[in-house]
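Undergrad: Whole structure, please, built from the sequences with the hints as guidance.
Protein chains: 2
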Amino acid sequence: MSGRISIIGLGPGNALQITPQATQALANVTDLVGYGPYVQRVNAPAHVVRHVSDNREELARARHALEMAEAGRHVGVVSGGDAGVFGMASAVFEAVQNGPASWRTLDIQVVPGVSAVMAAAARLGAPLGGDFCVISLSDNLKPWLVVLRRLQLAAEAGFVIALYNPRSHARPWQLADALEHLRHYLPDSVPVAFARAIGRPDEAVKIAQLAEADAAWADMSTLVLIGCTASHLIDRPGGQLPWFYTSRKVEAD
Amino acid sequence: MSGRISIIGLGPGNALQITPQATQALANVTDLVGYGPYVQRVNAPAHVVRHVSDNREELARARHALEMAEAGRHVGVVSGGDAGVFGMASAVFEAVQNGPASWRTLDIQVVPGVSAVMAAAARLGAPLGGDFCVISLSDNLKPWLVVLRRLQLAAEAGFVIALYNPRSHARPWQLADALEHLRHYLPDSVPVAFARAIGRPDEAVKIAQLAEADAAWADMSTLVLIGCTASHLIDRPGGQLPWFYTSRKVEAD
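Protein sequence lines correspond, in order, to chains A and B.
When we follow full-length UniProt numbering, the leftmost residue of the first sequence carries the number 1, and every step to the right adds one.
When we follow full-length UniProt numbering, the leftmost residue of the second sequence carries the number 1, and every step to the right adds one.
Please note that a few of the clues may not be correct.
[As the list claims (entries may be wrong)] A few chain A residues that face chain B, going by a derived Cβ cut-off under 10 Å, partial list only:
| hint | residue |
| --- | --- |
| 1 | I135 |
| 2 | G158 |
| 3 | A215 |
Just so you know, the hints here were simulated from the structure itself, not pulled from any lab data.
This one's a predicted model, so the numbers in the text were calculated from it and none came from an experiment.
Beta carbons: idealized from backbone N, C-alpha and C, even for Gly.
TA: Dropping the structure here:
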């Protein structure tokens, strides 16, 4: 019997933001594979086997899932947000490409989810109203100079910039360096939002201008959104956070 | 009594890809506002008033929604995919910024959705495995030269490029021009996917290398995904479409 792999995005963490398609897919798995906190988040029947692994072991985890599928299991590979955005989907296909030919015959489905950037944007207003880019600030898999160059080109393009993985214990200085770099290419007044754990009980949001934005406000659960010259903050009464939106209209240079 | 606005992303069009949060929000509205096909897609009770409008009338539509909310209605403003990505969210906040101060006191919530780019990526494999950007090819609200410059910078940055609104009756030549422009900055072998109406009954997918990609394959319902040098096609047996994925790893320049 041939098994299956469902690569499933669990959404940002709020139970109301997981799609019925993801819920259905989860209901059919025999095994769950993923980073511990995501595997634990799934409300699965007792017979489902949970294979938790540490962060940064994506490729080993992907191979394990493929081996189990080949043995006839139906494996759910789970990520937070959307599995295609700095989640497990790419690791699974990388393992397929470099693995035995038989893996290419497996039934592999990817179930999309609400990514962290969409949830953060919705919480803030409409910061992604124009063209935008999504960059992982992790330099585990790419040189830091490549990250800096991408930030510069993104700023020059006028993209709103969404930063995943901005800061962790193992990567404490990168976000401050990135913000300092961007100050050369963007006006000081550009709005920057730090959107932490959106949709979860420990949600927190901070908004500042680029000149004042402080990398210390971010941690592993933060999505950082950096506006462009078409981005605006709309002040609101009563001490509420301003709305952060980006105009759809772009003037000529 | 003060009204409310819920700006709701309906997902790509498959009923299994709309979040419970969006379904709940839709269940509470008194009025629905949006582009005709999206308003018609909502399965609402008979008492809900549907205000359909034509495409490209976003700002007038947004003002109408705000006026109704001020009059005490609970207005659902709907977009396909995620309302924050080339949907109605930005138009609503633009109207707020330029409208009466009273609009800033309104209760406005944005409910995120699965955007077309996430659904298309999931259907294809993991094309967004690295950093990526999302660009609307419409030049209704920005000069075409800005679009071309952004494409160049995105290619130089090594971003995978997702193109919304690639082609319509009113904009027949832009996609061909964009692809021709990108051929100066990207290798001929880079994979390009045309993902049409993903998750809907008339879904269609076509994949080619950049050298062969033909703008005629796209229409208004197509999302075009252009890979980078870290993107790969994995051939599969039995005439199935190849998987399209982008490696998470980036080498130094």
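Undergrad: Run through the hints listed earlier and report the numbers of any the structure violates, in increasing order.
TA: When the structure is compared with the hints, only number 3 turns out to be violated.
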